[in-house]
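Visitor: Listed below, chain by chain, are the residues.
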Amino acid sequence: MKSTIANIRKVVVFSLFTFTLAGTSLVSRANNGNEGKKGSAGSTNANTADVKYITDKDGGYLFNVVYNNISNSRFSVVILDANGDQLFQSHYSDKQFNRKFKLAQPEEFGRLTFIIRNLADNTVQRFEVDANSRLVEDIEVKEVK
Amino acid sequence: MIVFNVSYANSDGNKFQVIVKDQDGTQLYQNIFSDKVFYKQFRLPRADRDRLVFIIRNGREADVVKTFEVNVNSRMTQEVSVRKF
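Top line first, the protein sequences correspond to chains X and S. Quick note on numbering: my numbering labels position 82 of the first sequence as 82, and the sequence is numbered without any gaps. Quick note on numbering: my numbering labels position 62 of the second sequence as 62, and the sequence is numbered without any gaps.
Treat the hints as calculated values from the structure; they're not laboratory data. Treat each hint with caution, since some may be false.
[Claimed, not checked] Now the in silico label distances, taken between C-beta atoms and shown as ranges:
#1 X/57 / S/42: 40 to 48 Å
#2 S/37 / X/141: 20 to 28 Å
#3 X/141 / S/58: 22 to 30 Å
#4 S/85 / X/140: 40 to 48 Å
#5 S/51 / X/76: 58 to 66 Å
#6 X/111 / S/38: 51 to 59 Å
[Stated by the list, open to error] These stretches of chain S come out as covered by chain X in the derived footprint (C-beta under 8 Å, 3 or more residues):
#7 62 to 75
#8 78 to 85
Quick caveat: nothing in here was measured; it's all calculated off a predicted structure. In this text, a Cβ means the ideal position worked out from N, Cα and C, and glycines have one as well.
Can you build the whole structure from these sequences, using the hints too?
Guide: See below:
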């Protein structure tokens with residue numbers, strides 16, 4: 001029973017993320033001007049990873065993960081939620097990894113952790129994403145003549 | 001809070017009333033002043049008011065009535081920050 005629940009949960013959390021392959025190259029992404037500039041950390045130098053937040057047209061949350069895997073090693077991308085529960089994990093070996101991850105249930109988004117681990121040299125790059133919601137009230141006052 | 005600055009030139013120094021009402025005619029504020037140069041800031045909670053009426057009554061001339069429409073648009077915004085460790 002416990003394992004069934006665990007399996008169901010795995011499926012559910014895995015479905016939280018859908019990912020799309022980015023068509024642009026790492027170099028072009030690194031040279032890109034403004035996209036995701038607001039929520040960005042790290043740089044796209046050799047051996048470095050980068051996670052950028054991109055505002056989705058539909059109001060969702062897109063994260064662009066870039067990893068310059070010059071050694072062509074296998075590496076893992078893990079995404080954890082605020083409780084440390086794993087939402088996504090996959091292994092890759094792309095030399096120029098550049099993918100966008102979309103949060104499927106943005107209403108539950110508080111904190112995310114992206115962990116990129118190079119399985120050859122065991123180096124880990126960790127990114128924390130925080131979201132703060134606030135209510136904005138635009139008040140318009142006009143005199144009635 | 002919505003802030004209104006009310007000023008009134010009362011050169012004779014006579015008494016006058018300041019009354020504030022909402023859209024239902026409910027009186028939110030009333031007071032009597034005699035300042036020659038009246039200036040007062042009214043801070044009103046937004047609440048669900050969509051209309052506010054300020055009345056200045058001196059008893060000798062017609063009331064000065066200023067009516068304001070208040071429209072509030074609420075929206076949620078989310079700020080996202082990414083930090084590398």
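Visitor: Determine for every hint whether it applies to the structure shown.
Guide: Structure-based check of each hint:
1. X/57 / S/42: 40 to 48 Å: With Cβ atoms ~42 Å apart, the hint holds.
2. S/37 / X/141: 20 to 28 Å: At 24 Å between Cβs, range holds.
3. X/141 / S/58: 22 to 30 Å: With Cβ atoms ~25 Å apart, the hint holds.
4. S/85 / X/140: 40 to 48 Å: 43 Å, holds
5. S/51 / X/76: 58 to 66 Å: For residue 51 of chain S and residue 76 of chain X the Cβ distance comes to about 60 Å; the hint holds.
6. X/111 / S/38: 51 to 59 Å: 53 Å, holds
7. 62 to 75: holds (count 10)
8. 78 to 85: Held - the segment 78 to 85 of chain S has 8 residues with a Cβ nearer than 8 Å to chain X, which meets the minimum of three.
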